[in-house]
Amino acid sequence: MEKQLAMPRLRPEMTSGVLCAWLKEEGDTVEAGEPLYEVETDKVVNQIEATASGVLKKQLWEEGDQVAPGDPVAILETE
Amino acid sequence: MIYIETGSADVCYNFGAEYYFTVEKPLEDTVFLFWRTTPTLMVGRYQNVLEEVDRAYAAAHGIRIVRRMSGGGTIYTDPGGWQFTFIEDAREEDIQFQRYIAPVTGALAELGVEASFNGRNDLTVGGKKISGNAQYRLGGRVVHHGSLLFDTDLEQMAAATTVDRYKIQSKSIPSVRERVTNIAWHLPAPMDAEAFKAKIVEHILGPEGTVYVITPEDGRRIRELGEERFASWESTYGQGPAFNIERVGRFSGGTMRFRLEVKRGVIRQAAVSGDFFATLDGEAFGNALAGCRYERDAVRAALEALGADGTVYRVSAEEMAKAIVD
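These protein sequences, in sequence, are chains A and B. Note that my numbering gives residue 22 to position 22 of the first sequence, counting from 1, and the numbers run on in steps of one. Note that my numbering gives residue 49 to position 49 of the second sequence, counting from 1, and the numbers run on in steps of one.
Take these hints with a grain of salt, some might be off.
To be verified - PhoX-like cross-link-like pairs, simulated, lysine-lysine; straight-line CA separation at most 25 Å: (1) B:LYS263 - B:LYS171; (2) B:LYS322 - B:LYS263; (3) B:LYS263 - B:LYS167; (4) A:LYS24 - A:LYS3; (5) A:LYS58 - B:LYS263; (6) B:LYS171 - A:LYS24; (7) B:LYS128 - B:LYS197; (8) A:LYS24 - A:LYS57; (9) A:LYS24 - B:LYS263; (10) A:LYS24 - A:LYS58; (11) A:LYS57 - A:LYS3; (12) B:LYS263 - A:LYS57; (13) B:LYS167 - B:LYS322; (14) A:LYS3 - A:LYS58; (15) A:LYS58 - B:LYS171.
FYI, nobody ran anything at the bench for these hints, they're computed from the structure.
Working from the sequences, and respecting the hints, build out all of it.
Here it is as structure tokens:
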């Protein structure tokens, strides 16, 4: 089953953040709670943890892309 | 509040200490560090060193270049400035700066310096920046760190961060240039850097504060973390944004144009064109450069391994390497 992971809203006025690093590559196994990517917004870098376990099937953005809260970021293949 | 004296002016040791007390040894209360560095350029998490720093100037003046884990732009720090760090559990999802900056403005006010908070999470005096602030958050913990310009060499700061950006394309987060000033110039009575530190630490720690002393075991691990996570080439260059760069070398034997795609600090693709005369074609050069670090020595070694010396009319591998990387 596929599960989409979305960009969290990190502060009320957040309109977008820069996805500055993927910490897992496509094909990697990801456990819920493991850091999946980093996002920078207003001088704050947040490590975002996966909210489900599975295999990272697709990174939907490249490093450096601006992503809005709620937008899908990754697709996990879950059991 | 728990104060920890790192006793080091090595930026990597101090970054290592931040990481250690964030991830490996969280203490039961907010940790506060107050430290300084030898001359250092700290680039933000998602910045391109080449777009922010005059590397030749830094090398000539013994300035270290390191990457922070926090966001924002490049800052220059030296023994004339102080850095402060707060580490604690992230209390809520909301990102806050005011919580960490208010104690600092309070301490400055006590010394007679009225600092205000601008929209970019900086502190200013008379409209000029004295402090930049940034954070990183991981595993439910937050690290807030900020700089305090006390008596920093502002000329060196400007010189080290003035850079010819060539033809670089990237999605990196650029620094924002702001006018700066030193706190020491605004104190009603002269004070040396150590006395300033003592006052600020005393104010922020308050009567309830305690002190944690780094054990030899802590120190060993902090040094390891500093080396592994902050002092390496991978950290400074290998973790930056991908970029494309175009460089042109004009030699007595002709012009060579290099178009390079660099990711994680390594050349992924290279195209070479121009009106040079060579017994090797552009593709051979491109293949030789792909996979090598975007560094002068690595590029020269790759060109020498290809046998580039003598294959291009009146252009040596050394000259090509100089044209490709500063």
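These are the hints, each one checked on the structure:
1. For the hint pairing LYS263 (chain B) with LYS171 (chain B), the CA-to-CA distance comes to about 12 Å; that is within 25 Å, so the pair holds.
2. Proximity of LYS322 (chain B) to LYS263 (chain B) is assessed by CA-CA distance (about 20 Å); at most 25 Å being required, the pair is judged to hold.
3. Proposed proximity of LYS263 (chain B) and LYS167 (chain B) is supported: the alpha carbons are some 16 Å apart, at most 25 Å.
4. Annotation: proposed proximity of LYS24 (chain A) to LYS3 (chain A) holds, straight-line Cα distance about 16 Å (limit 25 Å).
5. A threshold of 25 Å between alpha carbons decides the hint, and for LYS58 (chain A) with LYS263 (chain B) the separation of about 19 Å falls inside it, so the pair holds.
6. In summary, the hint linking LYS171 (chain B) to LYS24 (chain A) is supported, as the alpha carbons are separated by about 20 Å, within the 25 Å threshold.
7. In summary, the hint linking LYS128 (chain B) to LYS197 (chain B) is supported, as the alpha carbons are separated by about 21 Å, within the 25 Å threshold.
8. Taken as a hint, the LYS24 (chain A) and LYS57 (chain A) pair is honoured in the structure, with Cα atoms around 10 Å apart against an allowance of 25 Å.
9. Restraint check for LYS24 (chain A) and LYS263 (chain B): the C-alpha separation of about 16 Å stays at or below 25 Å, so the hint holds.
10. The hinted pair formed by LYS24 (chain A) and LYS58 (chain A) meets the criterion: a straight-line CA distance of about 10 Å does not exceed 25 Å.
11. Simply put, LYS57 (chain A) and LYS3 (chain A) have alpha-carbon atoms about 10 Å apart, close enough for the 25 Å limit, and the pair holds.
12. For the suggested pair LYS263 (chain B) and LYS57 (chain A), the alpha carbons sit about 22 Å apart, so the restraint of at most 25 Å is met.
13. The suggested pairing of LYS167 (chain B) with LYS322 (chain B) holds, with an alpha-carbon distance near 16 Å, which does not exceed 25 Å.
14. Straight-line distance between C-alpha atoms of LYS3 (chain A) and LYS58 (chain A) comes to about 10 Å, which keeps the hinted pair within the 25 Å bound.
15. Proximity of LYS58 (chain A) to LYS171 (chain B) is assessed by CA-CA distance (about 21 Å); at most 25 Å being required, the pair is judged to hold.
No hint from the list above goes unmet by this structure.
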